[in-house]
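Position chain B against the provided structure of chain A, taking the given hints into account.
As a plain string of letters, each chain reads:
Number of protein chains: 2
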Amino acid sequence: MLAWNDHERTRLRPLPTTCVSMPTFEEKLSFFKQQIVERIARAIDSETPVSLYEPIKYTMQGGGKRLRPVLLLLTVEALGGDVQAAMPAAVAVELLHNFTLVHDDIMDNDATRRGRATVHEKWDTSVALLAGDGLVALAYQTLLSTQSPHTLRISRLFTTALIDLCKGQALDREFETRDDVSMDEYLDMISKKTARLLSLCAQMGAILANGTEDQVQALKVYGESLGMAFQIQDDLLDITADPEKLGKDFGSDIRQKKKTFLLVHALRQASPKQKQQLMDYLDREAIDDAEVIRIRDLFEDIGTLSEAKAAVQRYIKIAEDSLTPIEKVHASTDSLKDLLRLVQQRQA
Amino acid sequence: MLAWNDHERTRLRPLPTTCVSMPTFEEKLSFFKQQIVERIARAIDSETPVSLYEPIKYTMQGGGKRLRPVLLLLTVEALGGDVQAAMPAAVAVELLHNFTLVHDDIMDNDATRRGRATVHEKWDTSVALLAGDGLVALAYQTLLSTQSPHTLRISRLFTTALIDLCKGQALDREFETRDDVSMDEYLDMISKKTARLLSLCAQMGAILANGTEDQVQALKVYGESLGMAFQIQDDLLDITADPEKLGKDFGSDIRQKKKTFLLVHALRQASPKQKQQLMDYLDREAIDDAEVIRIRDLFEDIGTLSEAKAAVQRYIKIAEDSLTPIEKVHASTDSLKDLLRLVQQRQA
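Chains as they are written, first to last, in this note's numbering: chain A, 1 to 348; chain B, 349 to 696.
Bound conformation, chain A alone:
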């Protein structure tokens, strides 16, 4: 049995498929996660300037699911590619993701993230701003160190995704002051802000594994649908999850009047009376816990919560179906399906 925490041995025999007994999905996840965490540490391994690297390390040591790099590595593995050779791309995506978190937290004025003070809260806005910039730079440095004939291609895709992330964030903020956001506009926004990075991971993984164009395309759809499901699930968790597990305030989306799936759906489907009640809450300066619960009850009555859950299922189904053509050639999409279950069932 391979010792998962034995760094030297895992470096020599990195692929879980080389184990004597097949690892479970959970073992594989934890193995990938550990390797990613090690590689991240190497990518940000500088001491000075202290005001740049300290907040970067703080951010990257904040834990998190490492969903994006794990997805990338699982995709490579599914197509029989070299998981170790894809590690820089996986780390780059995680650095880029954390850049968006640090800068978004400044814009949203969020005080906590993953149960800890956000960077701008612990230091100040300038430090957080610069730490985010540094993370983008380190992400590109790591990505461009990829040894592959596809490095230029994945770097171009990575950049297009970064532009979409910026567009998604801009739309998200524009929507905050609008009450007429349509479901299509909302879906376009989250496809850029959340799903884009996940589809990038699946695409890059397929390309690095020398997948065919059909496989790259199929896995892009898989990543995108997974991302859409993930974000709608996230919107739901804002008012249904245990805040302690979530690591952020209960109902923080509602308090910021974020146009989530829930609010967009509710504002469109509410009766005139229900809509008036919702608008009354949204007009307030501050919304307290009891009011968040009353808004949740309104969402329940309007049918918003069940519709959100149904939307998550629909996207999970699209993701699952996108794997069918790949299964004909390869038999190793099990982990990608397991990942869908994980996203579907997550509680925080």
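Not one of these hints is a red herring.
Now the stretches of chain B that chain A is said to cover, found in silico as 3 or more residues with beta-carbon under 8 Å:
1) 471 to 479
2) 518 to 530
For lysine to aspartate or glutamate, the following DMTMM-like pairs were computed, each having C-alpha atoms within a straight-line distance of at most 25 Å:
3) A/K122 with B/E522
4) B/K405 with A/D164
5) A/K57 with B/D536
6) A/K57 with B/E533
7) B/K470 with A/D110
8) A/K122 with B/E524
9) B/K470 with A/D124
10) A/K122 with B/D472
11) B/K605 with A/E54
12) B/K470 with A/E176
13) A/K57 with B/D512
14) B/K606 with A/E54
15) A/K57 with B/E524
16) B/K470 with A/D108
17) A/K258 with B/E395
18) B/K405 with A/D108
19) B/K606 with A/D124
20) B/K405 with A/E174
21) A/K122 with B/D456
22) B/K606 with A/E47
23) B/K405 with A/D188
24) A/K57 with B/D456
25) A/K257 with B/D472
For the record, the hints were derived by calculation from the structure and aren't laboratory data. C-beta atoms are modelled at their ideal positions from N, C-alpha and C, and glycine is treated no differently.
Chain B in isolation, oriented as in the chain A frame:
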């Protein structure tokens, strides 16, 4: 005579060296600048999201010397390379430079830049933050569109330069709260914050022109020395230039207690009495115009202004000397020397 403002003709006959009569250096500069401005407009040509692209366009239409892309194109030309093929790299550097300006203005809380309101002043911090992020993304998009066997190499250099820019900015901010900054620390900071981008331009230009490694190295030294001269000149202009021409407040570095060449030198060379006077000014909450003038007089007495001017000359000399090995092979370093004069003599 080639019509410099005739886009179609210039696109067909892009190199000033193909003119019937040789263009003057000024004509060449204005020709390059015009082409760069056109290419920038194409690189940022999107309408939505409005909150992302409007501030990006505002920033890029703010004028400026376009020194960095011009330097890159002059380097390509000096080595007989294809100027048009280097255009994306030139535009990328200008986009990256403007990203640093937008984010630095947030950190420094500067209200004006090039005689206009800064982005965070005209909109707000979040808009400026995101516009800066978008500029980095668009810079990479443009850079990675370069059609050259060297695209990957220049992208790696570009990224190392971006990391250095972040480090330089972090040091600059760390120095604000320190009174014991040495001249070596100051020079290291500006080599990262200012000179690095100029050396990148010269390096990228030489690489794209298929220069030898010796030429790439020589031009890197040229760009770096030009950059050092440029920054020390900039420090001087803060208290010697006409504020209207400068487009920013008179003595704004002093008011922010920035560790410029002047302040670092003066604090080290002042007599105990002069140092006390300087510290008294620096301890104040706000410094008015009359006090800035008194600090300038102190700099004069300490010998700081003449030492700064001498330092500019020394770096210009290093830059000039670095061109000698290139002249043996090519005879077209005249423009690179003209550029040194321009930096040396600039008034704003």
